[in-house]
Every structure is written in C-alpha cells, then in structure tokens.
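Trainee: Just so you know, the sequences run in chain order S and D. Under full-length UniProt numbering, the residues of the first sequence are numbered 1 to 245, in order. Under full-length UniProt numbering, the residues of the second sequence are numbered 1 to 245, in order.
I should point out that these hints are in silico values taken from the structure, not numbers from a laboratory. Any given hint could be a false lead.
No distinction is drawn between identical chains; accordingly, a pair holds when it is met within one copy or between any pair of copies.
[To be verified] Pairs of lysine-lysine, DSS-like flavour, derived with a Cα cap of 27 Å: (1) K45 - K224; (2) K91 - K133; (3) K211 - K114; (4) K211 - K107.
Residue strings, one per chain:
There are 2 protein chains.
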Amino acid sequence: MERNIRLTISYDGSNYHGFQRQQNALTIQEILEERLSRLFGHHLKITGAGRTDAGVHAWGQVVNFFTTGTIPVERIPAAANGLLPRDIVVKAAATVDADFHARYSAKSKIYIYKVYNHLLPDPFYRNLAWHIKGSLDLAKMRQALAVVQGTHDFSAFRAAGGAAADPVRTMLQTDCRQQSGTIDLLFHGTGFLYHMVRNLTGTLVEIGLGKRPHEDMGPILASKDRNQAGITAPPQGLYLSEIFY
Amino acid sequence: MERNIRLTISYDGSNYHGFQRQQNALTIQEILEERLSRLFGHHLKITGAGRTDAGVHAWGQVVNFFTTGTIPVERIPAAANGLLPRDIVVKAAATVDADFHARYSAKSKIYIYKVYNHLLPDPFYRNLAWHIKGSLDLAKMRQALAVVQGTHDFSAFRAAGGAAADPVRTMLQTDCRQQSGTIDLLFHGTGFLYHMVRNLTGTLVEIGLGKRPHEDMGPILASKDRNQAGITAPPQGLYLSEIFY
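This is chain S alone, in the form it adopts within the complex (with noise of 0.2 Å):
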C-alpha cells in the first residue's frame, strides 16, 4: 500500500545551494531524494514546503513523498538520520492523508532572521548569523515591525525574480528577540515572496542603525517599489523556522 509520509526536517544550509534540485549544484532536496530512494528501495521524489535559498538554514522544513517501502513510521528518523550528511537531520515522520502536500496545504510559516550584534566578529556565528558591528536600536526596529503586521502588498519587499502573481501577504505576528548571543527577528506569515525576509531585514536593520528613521518603514510598505527598501540581507542569518497546517 502507497503510504504519503511527511518529515520535519534540519539543516544546516551553509554547504548547499539551497533546497530545490537544480543541475550541476548540489542541493538539499537532491541528497534527500537519493538517501530517502535508497532507504525505501525505490526512486522518490519529495515535495517541499518552502524553498531555501543557497546557505539559508531550517529548524523545521517539511517535505512529504509518496512510498511503497515497508519502513515502520516511527523507525524513519533514526533510519534516513544514519544515511543522511550530519547537516541534514530528520526530526520526525508521519503517515498522513493522501491529500496532504508539503506546500500547498501550509497554512502559514515562521521565519527567523538571526543578526549577530557586536563590534568584532564571532567564527561560530559566520555561517549562522549576519554579523552588524554597528549598534542597533531595538526600540526603534519593533515600532518598523509593527508597521508589516496585517494584510499588505509586499512589493517593496519582494526580489526582482519573484514570480508569484499576487504580492498580497498577510504577516500574522512578528517580534525582535535579544537573545543569548543573536538579536532575532521573527516573522509569521501567511506566505512570503521572494527575498521577502532578507529585503525586510536589510530595511529593519538600516532603520536599527540609524540610517533611516523608523517613519519610513509605512512610506516603504506603501510604495510598493522595492527602490524604496533596503539592501537584501545576506542569506546566512535565514532559518525556516516552522510551518502551520
């Protein structure tokens, strides 16, 4: 019997050109494809629910694929874990219905974009956190934050290549943590367009910097030009974080 098994999955995305297959690059949907055929004895093709961009990271990116190896659920983590590179972790399957598609049934995701705030730099943090010597005004990125929250047309924030049609997104919570040793901003989203994180944080961090006043961040959302925002920030401070069904 065809099983749809869906995994929760880690990765460490500094070694990879993103997760979408692609030729003569190697990616993390590639290695998963090839450990996951040769754990269930037969060629299989897993769907993603969100596609990491090269060095971005994830806690919990979930694919789903369809099978007719005998593999027990519960054995599949520890099973795909001892095939798999120990930047790629299976943190947990499941049956589920045969409707289920990792990315067209995700009711909403969290993003997390790890900034590393100090005036010298930290080697455990280059590949895992964009490193900003300058000293950030907290205060004044959340009251930016506050600004995306709600129903809005992202074009400001979406990249040049993004393909999707409607740019209307709705960003149901965000929040800006200081933690043990990254500042992390959160964003909850009903979806995101392309570069939408990284070109929303290269805004909130140039606003945390002072160089531009946290005012601007309506004007920016309103224009609808991405001439307005900021730089991209660099993929390396990116982690998909979660994704709601």
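Since chain S is already given, all that's left is putting chain D on it; use the hints.
Mentor: Same frame as chain S, now just chain D:
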C-alpha cells in the same frame, strides 16, 4: 622598538588540525603566523597558551609574539581580522611586558565541554558539541565532578601520549550547567594533562548515563590508572574558554 603583543583569539577548530604548527597539515598557529607576518611586515613566531587538538575550539586562546612592526595596538584586531579566515577571530590585543609568555605566565585556564543531550542529533551542533542520546542525570554528574576539585594526581585521566613529568594538577572549580541547548561542563584548573578534560568528560557522561555509579569517581581518581576511567570524549565538544594571568 620591539613590542611584545598579546592577542586573545577565538576560533572554530572544525577545519584545522589543532593549534600547534605541524608538517603537512593546516593548523591555527600556521595561519596566524602567516597572516600576522603579512600584517606586521616581517616573519614572526607566535606562542600559544594552550595546544588545542584537531577539532577543538577556543573562545579565549591567548598568544604572544614579538614585533618591530609599527601598527598601533588598538588597530590590530580589525586589521588582523581583515586578513584572517572567518573561522579565526582576534578579539583583543594589548602590549605587554617583555617577560610575558602566553604559556608559562598562565596561572590557570578554563575549559568548557559542551554536550548536546537529545534523542536526535542537531545539524548545527554536529561540529560544536558531543551528541549523547540517552538522558543524562546531572545530579550524579555534579556529585562526581565535585570529587575532582582540589589538588590531585590526575594520572587516571591522562592520555598515554602525555609527556608532562608531574601528573599533579589543581582543579580550582568545576561546574555542570544546563544552557539553552547544551549541557556545559566547566573545568577551571592550574594546568591540564593531555586529554584530561576529554577523559574526565567521557567518565562523567558514563556516570550521567548510569553506566557506572557516581561513587566510582573517587576510586578512579585514586587508582591513577587510565584503564579505570571512561572513554575519551570526542574533540568537537571542547572549548578553551579563558586563560588567567
């Protein structure tokens, strides 16, 4: 005028064959000497406070070197970091007395060993902590840790390759802390024998897992016999944290 310069250095040791210079293998010392020689305009040799093994990390390694170069001391960290690979960072620089020696002047050192205690591995800790699946009993580990405080012959925790004549060391302080993601074992001592922290950690983890009672720690230490102690913990959990002068 020749100056004696002290640097405080942090590095991710994952990609190096340890601190100390060796033939045919890339080490932290070699990289530092090569890049600092370029910065100061003449060949220079550095002395490190502790010789970390392959895969071992540092937050506060200390080195010193003599230079006739004229770069102001306050500019050294940023200038050096501009030349160093991103996994080695100079955090501080100071001009010190000519008789300061990074190793011989050290009064004590703190090492921290990080254990990631979770059923499944974490891709972000793969090179930065020791993954232990079974649940660790921290109370028992703390009782065993207390036994090694004070001045003892630590021969039971010394690797066969260790060359130090005198196996007596003083452990000033120990600690076992639950951090956000890891269990951190702290060892503050006047000196350490070869693999001593890793052999202590291996024994403590066996106690934490219930493989042997915590009451064994005293007799193991008293035996002065390496065969009585536990396994050597792997290098990637070990951090040279701080050196006191």
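Trainee: Flag every earlier hint the structure violates by its number, smallest first.
Mentor: 1, 4
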